[in-house]
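Undergrad: Just need the whole structure built from these sequences, with the hints factored in.
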Amino acid sequence: MNQDSQFISRTIIEWYNHHKRDLPWRETKDPYRIWISEIILQQTRVVQGYDYYIRFVDTFPDIIQLADADEDQVLKLWQGLGYYSRARNLHTAAKQVRDNFKGSFPRTYEDILSLKGVGEYTAAAIGSFAFELPYAVVDGNVFRVLSRLFAIDTPIDTSTGKKLFTELANELLDTKQPGLYNQSIMDFGALQCVPQSPDCPNCPLSDKCMAYAQGKVSSYPVKQGKTKVKERFFNYLDIHYKNNTYIQKRTANDIWKNLYELPLIETGSELTLEELQQTQPFTDILQNAGNISIRPVSFTLKHILSHRIIYAKFYKIDITDDTLLKDRFIKIDKSQLDNYAISRLVDKYFEKQAKPDLFL
DNA sequence: AAGCCGGGGCA
DNA sequence: TGCCCAGGCTT
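If you read the first sequence in the UniProt record's numbering, its first letter stands for residue 1, the second for the next number, and so on.
Hint data in this document are derived by calculation from the structure and do not stem from the laboratory. Hints may contain errors.
Think about it this way: if two alpha-carbon atoms lie no more than 25 Å apart in a straight line, the pair counts; the simulated BS3-like pairs of lysine-lysine are [said to hold, decoys possible]:
1) K326 with K242
2) K334 with K352
3) K249 with K76
4) K242 with K352
5) K76 with K226
6) K230 with K334
Only a predicted model underlies this, so the values are computations on that prediction, with no experimental measurement involved.
TA: Below, the structure is given as structure tokens:
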């Protein structure tokens, strides 16, 4: 390690000692709790994941209790956090540890990496935080800090970019205290070397920062970018019979997999009620349902995600015969709805039903 | 290599 | 609006 690298590592650790955030998962060496925190924090801000972490370790104090739980319960606990494959994989990984590692969390980089939902970043994080394994983390913060420090314009969302930054990060790694170093560079990126308008004049590394010297801090890191946003059109049927409503589980490999929702008809474009009533799925669902009365809900929910815009219409439907419906869907009392994991979109619909005056 | 997967905060 | 967030899996 050359002198500049050593200066950079030491400066970042020194900065961390004065500015670090106090976070509950930093007060433990328990790999289980560290793992939970890392999965929750993937593509998720600390403020958004904090309460989920507390609830998770409170509900499942150890990995065996998590492994023995139902996936529905895990997803319910995850509800609202997004990227639900994280919850499904978390549950799978808990069972991996229970069944393949005799219930004790794996201690080598390769074994940790073998867990479902754990990639190179997360394996390095868990390995260094819990076991001081000498692997540098490379996350969004590290990409940003290193690309600016060395003015690297290789796109970070390419395989060559990932390889390049991983090598560089491992050169800078303080192998005597990898856990501390990894925490330091991530907090440094999250609080000092922030994406927008960083306070470079007050940065302890400004003298070593090539991007700052060139006055081009804002142009790093470089991304190929391009995530296209596609539109989808959902028509939800809020069907009522006595005090019951009907739901189904989304089992396809699609958004919100294994969450629950109202009976859904997805269409290629926005349809009027009259057009919707002409579709095959609609007549299928409501055939032999007796006397049917349909009331369109007055609002359309526009649900914006990073790569999708979903326009959701809702129809309140009263029926007088559910002999076919109850076989096709899950029939529940409306009060039972809280027991099922649902998407924010469906959640917002029920919120607006309960408090129509509230603007959401 | 590219596409997919959520939800929210911020300028 | 666009960008980003302690990324990983599937195709």
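Undergrad: Given the hinted pair K242 and K352, is their alpha-carbon gap at most 25 Å?
TA: holds, 21 Å
Undergrad: Take a quick look at whether K249 and K76 sit within 25 Å of each other, Cα to Cα.
TA: holds, 13 Å
Undergrad: Are K334 and K352 close enough, with their CA atoms no more than 25 Å apart?
TA: Between K334 and K352 the Cα gap is close to 15 Å, so the pair holds against 25 Å.
Undergrad: Under the criterion that the straight-line Cα-Cα distance not exceed 25 Å, is the pair K76, K226 satisfied?
TA: violated, 32 Å
Undergrad: Holds or violated: K326 with K242, Cα cutoff 25 Å?
TA: holds, 13 Å
Undergrad: With a cut-off of 25 Å on the C-alpha distance, tell me whether K230 and K334 pass.
TA: Violated, at about 33 Å.
The structure fails hints 5, 6 (numbered hints given earlier, in ascending order).
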